[in-house]
Amino acid sequence: MLTVDDLEVRYGRLAAVRSVSLTVARGEIVCIVGPNGAGKSTTLLTIAGELAPYRGDIAVDGDRLTGLASEAVARRGVSLVPEGRRIFGTLTVEENLRLATFQRRDRAAAARDLADLRLRFPILAERYGSPAGRLSGGEQQILAVARAMATRPRLMLVDEPSLGLAPQNVDLVYALLRELRAGGMTLLIVEQNLDRVLEVADRIYVLRDGRVQLTGFVAELRGSDALEQAYFGFTRKRGNGA
Amino acid sequence: MTLILQNLIDAIALGSLYALTALGVGLLFGVMRLINFAHANFITIGAYSLIVPSTNAIATLAIGSWHWAAMTTAVVAIVMVLAVATELIVFRPLRRADPATLLVGSFALAYALQYVILLVYDGRPKAVDIGSSLTEPFLIGALRIPRLEVLTIAVTVALIVALALFLKRTRYGIQIRAAAEDFRMARLLGVSADRVIAIAFALSGLLAAAVSLLFLSRTGMVAPRMGLPLVLIAFVATVIGGMGSLVGAAVGGFTVGFVSVVLQVILPLELRQFRDGFVYLLVIAVLLWRPAGLIQVRAIKERV
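In order, the protein sequences belong to chains A and B. Numbering of the first sequence is given in this note's numbering, commencing with residue 1 and proceeding in unit increments. Numbering of the second sequence is given in this note's numbering, commencing with residue 1001 and proceeding in unit increments.
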């Protein structure tokens, strides 16, 4: 459903993404992995319309997104769960969720979705009327995902969901992302933690220096030298028992 | 006792004007980090719109002679349209510019609008007789409360309550608050930047129009720079209230009004003409004590 073709993104004269092509099929979880500065988040933010590409094409289900403003991308059914969560701390939990539905035309369905989200996330329902800034980090991450769900996206982009979260909260967030996939959602996730990725993803793209080094199905790549080679640039020594 | 009450009412009425102006300024600062000097011209043009355009020394009422409801509606409409037009023509092309550029843009706009007034109406102040019936006071015992002060306070309370309800209850209000906190994230959720900013300008214009009418009724005089002192005080109010907080802007406005009236009363006669100097001195003291203002906003994030 998502196709990114030969994407190049520059910050001034510096190319952060040099040439990235990738596809995500409906109902897949695809992860972009790679070391710091590989261009993972830049790729994701460019798909979301937050950054403008220098070259290349982005399309969802044939709709061309290249160069559209982020608000227009959002209205075409692509929703970002950003790094650092970026919930609106002075707005209530309810307002955070309602805000995400305002761009929808199907108001009745949007109201139903809000009611469903409230039932689905008791942690959020308990704090529905209080400012979202008072939630814990893990709760804020759940809210950020719920907020993206409230837009009823075709494609959800998730940037570094585990960053700055306690391990048990990371488990919670990934359990939720898997649940979403089971419900038919398509997800493109940027993650640094390779072990997490191997648990959750169907396919991965390994980025280094703004290029795709390796791509493939997790089932085939798991434990292979090629994966480590692409990710680290070298192969970890294996112990005797390995 | 009577004197204290009398002064208190004066202070609240003056503070009301400052608070309304500060809210108009603070709204745009919150949403787009714009320090809008042209807000002064919104107020000025609202007042001038009441009279027939001419360079005559004596003003002839145009809209100003209408029934008060029609007059208010017309002035509000004129200033709102003006505010939205300045957004479209001047600030929309500058939207991605940094706050310093926006500030310079607002200076340029303010001067351009001021010279339009000079060309059309001449620079001399003109007496404008609106709301003269409002100068008659209510008499409660020894207390003399000008009707205009009561009206000013009532209008201010009504507008603040309406604005609060709008921001809290309506979809556009929630979008404005979200945009003020993190505009980029709001857009990532499909919030239209154009619409949110246009609505913020329209609201700012509405508040400016209210200030125009109330201030003009108070002074009975139009002049090309009449809005400027109010807006300068409003900037002070938003700074001491805490930049980016609307509650802070309103609190700051009332505080400055209150302090001004107190100074007016307690300063010895020969120092009274320097009242505003003392107000600014207090502002410096407040900022030394609380550099982020009375009401602190967590983080002022980048816009758009």
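Treat the hints with caution; some may be incorrect.
Said to hold, decoys possible - Only part of the chain B face toward chain A is listed, based on derived beta-carbon distances under 10 Å:
1) 1174
2) 1288
3) 1292
Stated by the list, open to error - Anything over 10 Å on all C-beta distances counts as not near chain B; from chain A, calculated:
4) 3
5) 91
6) 95
7) 147
Don't read these hints as lab results, they were simulated from the structure. We put the beta carbon where it would ideally sit given N, CA and C, even for glycine.
Exercise. What hints, given by number in increasing order, does this structure fail?
Worked result: 2, 3, 5, 6, 7
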